[in-house]
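**Student:** Now for the letters of each chain:
4 protein chains.
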Amino acid sequence: MLKTAICGGSGYTGAELLRLLLLHPEVEVTAVTSERSAGKRVTDLFPHLHRYAHLIYEPLDKEKVLEKADLFFMALPHAASQEAVDYFFKKGGKVIDLSADYRLADAAVYEEWYKTPHNHKETLKKAVYGLPELHRMQIKEASLVANPGCYPTSAILGLSPAIKEGIIDAENLIVDSKSGTSGAGRKADVAVAFCEVNEGFKAYGIGVHRHTPEIEQELSGIAGKKLTINFTPHLVPMDRGIISTMYAKLVEKADTAEVLSLYRKMYGPEHFVNVLEEGIFPNAKNVRGSNYCDIGLKVNKRTNTLIIVSAIDNLVKGASGQAVQNMNLMMGFGETSGLESLALFP
Amino acid sequence: MLKTAICGGSGYTGAELLRLLLLHPEVEVTAVTSERSAGKRVTDLFPHLHRYAHLIYEPLDKEKVLEKADLFFMALPHAASQEAVDYFFKKGGKVIDLSADYRLADAAVYEEWYKTPHNHKETLKKAVYGLPELHRMQIKEASLVANPGCYPTSAILGLSPAIKEGIIDAENLIVDSKSGTSGAGRKADVAVAFCEVNEGFKAYGIGVHRHTPEIEQELSGIAGKKLTINFTPHLVPMDRGIISTMYAKLVEKADTAEVLSLYRKMYGPEHFVNVLEEGIFPNAKNVRGSNYCDIGLKVNKRTNTLIIVSAIDNLVKGASGQAVQNMNLMMGFGETSGLESLALFP
Amino acid sequence: MLKTAICGGSGYTGAELLRLLLLHPEVEVTAVTSERSAGKRVTDLFPHLHRYAHLIYEPLDKEKVLEKADLFFMALPHAASQEAVDYFFKKGGKVIDLSADYRLADAAVYEEWYKTPHNHKETLKKAVYGLPELHRMQIKEASLVANPGCYPTSAILGLSPAIKEGIIDAENLIVDSKSGTSGAGRKADVAVAFCEVNEGFKAYGIGVHRHTPEIEQELSGIAGKKLTINFTPHLVPMDRGIISTMYAKLVEKADTAEVLSLYRKMYGPEHFVNVLEEGIFPNAKNVRGSNYCDIGLKVNKRTNTLIIVSAIDNLVKGASGQAVQNMNLMMGFGETSGLESLALFP
Amino acid sequence: MLKTAICGGSGYTGAELLRLLLLHPEVEVTAVTSERSAGKRVTDLFPHLHRYAHLIYEPLDKEKVLEKADLFFMALPHAASQEAVDYFFKKGGKVIDLSADYRLADAAVYEEWYKTPHNHKETLKKAVYGLPELHRMQIKEASLVANPGCYPTSAILGLSPAIKEGIIDAENLIVDSKSGTSGAGRKADVAVAFCEVNEGFKAYGIGVHRHTPEIEQELSGIAGKKLTINFTPHLVPMDRGIISTMYAKLVEKADTAEVLSLYRKMYGPEHFVNVLEEGIFPNAKNVRGSNYCDIGLKVNKRTNTLIIVSAIDNLVKGASGQAVQNMNLMMGFGETSGLESLALFP
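In the order they appear, the protein sequences are chains A, B, C and D. Going by my numbering, the first sequence wraps up at 361, each residue one higher than the last. Going by my numbering, the second sequence wraps up at 361, each residue one higher than the last. Going by my numbering, the third sequence wraps up at 361, each residue one higher than the last. Going by my numbering, the fourth sequence wraps up at 361, each residue one higher than the last.
There may be inaccurate statements among the hints.
Any copy, or any two copies together, can satisfy a pair, since identical chains are not distinguished.
[Unchecked claim] The calculated lysine-lysine pairs, modelled on PhoX-like cross-linking and capped at a C-alpha distance of 20 Å, are: (1) Lys18 / Lys79; (2) Lys280 / Lys106; (3) Lys18 / Lys106; (4) Lys316 / Lys130; (5) Lys316 / Lys241; (6) Lys105 / Lys140.
Keep in mind that the hints were calculated from the coordinates and are not lab data.
With these hints in hand, go ahead and build the complete structure from the sequences.
**Tutor:** Written out as structure tokens, the structure reads:
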């Protein structure tokens, strides 16, 4: 049994890791840390995790935690993650960082968008961006995986085949995303109070959301040239789920069936990506609680525009599930191990 | 007291008209029709309308209804509305049609998108598109007003100033709209069942939604040339509200404050349109139950794109409230009469 | 125009007072206080109140506020309200206290349940419990009205006729209440975060909720003897609304129609209480945003038990609407003035 | 691999069986029937079940289905289930009936409450009521198990220990239950439309709900005498989950800790029942998607009343999960096989 620790386990992604790992046949969780909740039981914060009745939050004493585990899920806030990741990595641990600290290969871009210095640039060079559908081979070899952000996962999976095949004008990309409220994390904040979110809908962070450079980095990598995108996230009154609606001009005329077949070519072998039939579009509800990404698309002939819609569960394929998938690849487990559950519907 | 009839009063827009008109000091509702619910009390369908305990649904016998009222709100389904509108109009009634039948000035466009003939093309020529912020003067003189669709109201109000001022490339417009579920109407349909909609989010009607030509007609009118748009509606798990997020390339560099001031120039005199301060974006919750439209916008300098977000309540400014506003204009009442309520928050 | 001040106006009940008073033809709001939000505009906290763009939160400087208004809505937290109420009352102001500080006539009961001393017992004697359907005459004469709690309003209105008529065993009362989340107030607290409340349902405060003695006080007054009740509140994933389901043994056999007629006898003259027809039960949605209370009931012949269900909007009839109703009575305005709106449905 | 068929698989319980059985290591689904959806793919109705892409709904041709499977989950409507159950049972199949047709041992009671004759009274005698926590031994030996209703599961688990230990006056039981909307099934009905349910809360079927005699049968069996209950179900605006709040007079004084220890005595060995700590009460959200039942309770000393709150997921422990648990017992599989998932939170 692989011993794993979850550093920063008092948020929704930490809880989701615990939920998922319970069903994993080759893993046990041997430590879970939280500064604020140190000394509390996991079940004090998350009664639904009653099968972890024995597990107590401890402060992140790196030396102690190092002794307890061989693989480290880092679910700390941005910036706070840098040093701990560096420590476990240098000590020889396998590390999967769910923060943004090791996602942007260019430290200057990180420093510009996150307004904080990157203090471990050498380690950053070792990090692999953990989107298995793009970087499976490198992930298998990696000791440090930067787990993608939720919005980027939905956007990159949605746009990659079109960019790779060169069928769209990648200069004009629009990513209009809508996320359930768990994406904002578990916190005491009027802005996420039920009565503020419920029966409401709004855009936020227009043009300045930190997931922008992450999407641009990966899409630029595919395009082979630097791209910029318009990224607008919105808050949906639901717990989980991201729908990204993406717009791109086609460079030549094409019909929906042709584009779908390009998508199937890329994603046919992928267990966790479903390319839907023509005329069918994804619903966040159909992936809730699962590690799947559903993709539908349509060519609007009147405007010669390709419209792609992707759906993921932000806490699973957009965070903890993808982290487990990355662990499976890094450890040589079956890639779908622990991730076989279908969506909880309704 | 103006006598009004509501034809097709068993849906959400009919019920909303009744709710709004109760607070109107110069109007009474003298008839409400429904084929399916004929003989039932309004309160059998809508217990919240208990102040209308006396009102019984009757079949739409045009001659009888004509005798009972002087102004006719037509909330019938598309196509079904054509003939009844024509009848009341020709008999000298004031008519406000909430269906799509008289919105598209070009009957051929109507026939193409609605897949049904238009049998009253002469009457169609007399109809005024009832968006007061664009056509107030004509509405005041009109006897037949075509009340705008919900999505078009949000999109046209959001884009008009930018097009009018010529600051955007109107060829590349993207309208990504999100609507509460009441937009789908009151019906027995698994697709709108609570367990199907709740905790879900999806796009629908991509590129083919019938509100597309309506938006194009009005924006083309402002631009002085024919435009096409990409319009994608989405279904939000909430009762009411539309957020439209719109994207357009700026023809020249501009900053957010400059664009906001153009918007304020156009909407400053408008009671029902609020242009929000820089950095503030609308929330559907802040207009729920009210006739207001909130608009926020931002110039994304990295991409030279103008992103506009508008919010309305689809049943009020997007339907019944706008119909009351149109009635006020047609009858010479105060334009805000009966429409003074602020949003119900939370 | 009556000048009114709202002390403690940064919560949901304060915002709701502002919303309601805007439609009141004889009232203006001349001051609104908040310690934490002093200096901010009302619209900074509540954008939907844009018609109050001029209004700025100020600290509760009692002398200053006294000069600005003649009637004082006190929406301060429990205990904090005591002294300010006493001050405005003694200075000759009309005071409507939405806190619990002046609801319990017996200061000892207050001190036991609220764990804080009552420092103004003489003033407490002057307070009238502001449930118009029970105490209309005293409210008309009062200068200090203690506005009832939300749960108590629903429970007392639901049980009063049955107790008054002596048809139930008042020793065995069970009040099982369910409230929307706005009842918890506007606050930064993980417990009311969207993701914690949505798709959940739970009981809380079983047997110890502070509204218990308030319900008991009023029902005991009607019964003419001291009663105790079992009161269990629950949290519903919705913004507004309370449903109370109440159970009482009938002292003699009766049928539903007979009991309904007793309820109609008491509530027939009441504008804001609707006794529903046999077989119809209230839905919180049908009173949302309105000052109405709907009541339905049924005799279960198998168990000889009377089951009563009442519905109110906790922020309107359960707080701010009832406060306006009390103001109307105290000032000699029409009792329904400013409160004519029907529920926002859907 | 055990071959199983699902008869009546186009509703939410059928879909939930498919979801759960996918994770079961010893079972495969070889047939799924639906009259209305015959010929459609499972994924046409339920896209989230994409791992069943091969499965097509077929009409319920009993002979054909008999050949395909050895165990039959019957998810047909009440009355429609009688004959098919009888057929598979007599042909030697293992049958788990999720309808109510074989739950009530006394056919006369069934006929009174369900207003339909019972045509298979001999087979009815062979049916075992499938609540493992009460009847595990009989279930293991049974070939026909009547899977309990959702409300009964929550009520019987909540009240059994108190009745068994004789600490409550079982004559005065009140069961006030609240259910998510999936309990109403998947159907085209305005009453379950999103806009009718969302932001609402209501009681229904007061005193006449068909789950009443089922609860009474099981509790009477424990008490050793005939009991009647007051049962009031309510509709909650959430997808899944039942909270039952139960009230009973204590026959002698007791404190909460004592009663909790009696509950722990009975449920200590039970994997799927969690008796919560003193002061902790269940939340429907903490069992969502799981087969667990959480129980909390409190003695109200002021009224000498025991208040018990239980929580289940109506589609899992209240239907399909319990059916799988019963299958495990009948087939000698591990009782928790396929049911290890914790709740999906948030």
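**Student:** It remains to establish, for every hint, whether it holds in the given structure.
**Tutor:** Right, here's what the structure says about each hint:
no.: 1; hint: Lys18 / Lys79; verdict: within (14 Å within a copy, 49 Å between copies)
no.: 2; hint: Lys280 / Lys106; verdict: neither (41 Å within a copy, 48 Å between copies)
no.: 3; hint: Lys18 / Lys106; verdict: within (15 Å within a copy, 50 Å between copies)
no.: 4; hint: Lys316 / Lys130; verdict: between (43 Å within a copy, 19 Å between copies)
no.: 5; hint: Lys316 / Lys241; verdict: between (28 Å within a copy, 16 Å between copies)
no.: 6; hint: Lys105 / Lys140; verdict: within (13 Å within a copy, 69 Å between copies)
Checked against the numbered hints listed earlier, the structure breaks hint 2 alone; every other hint is satisfied.
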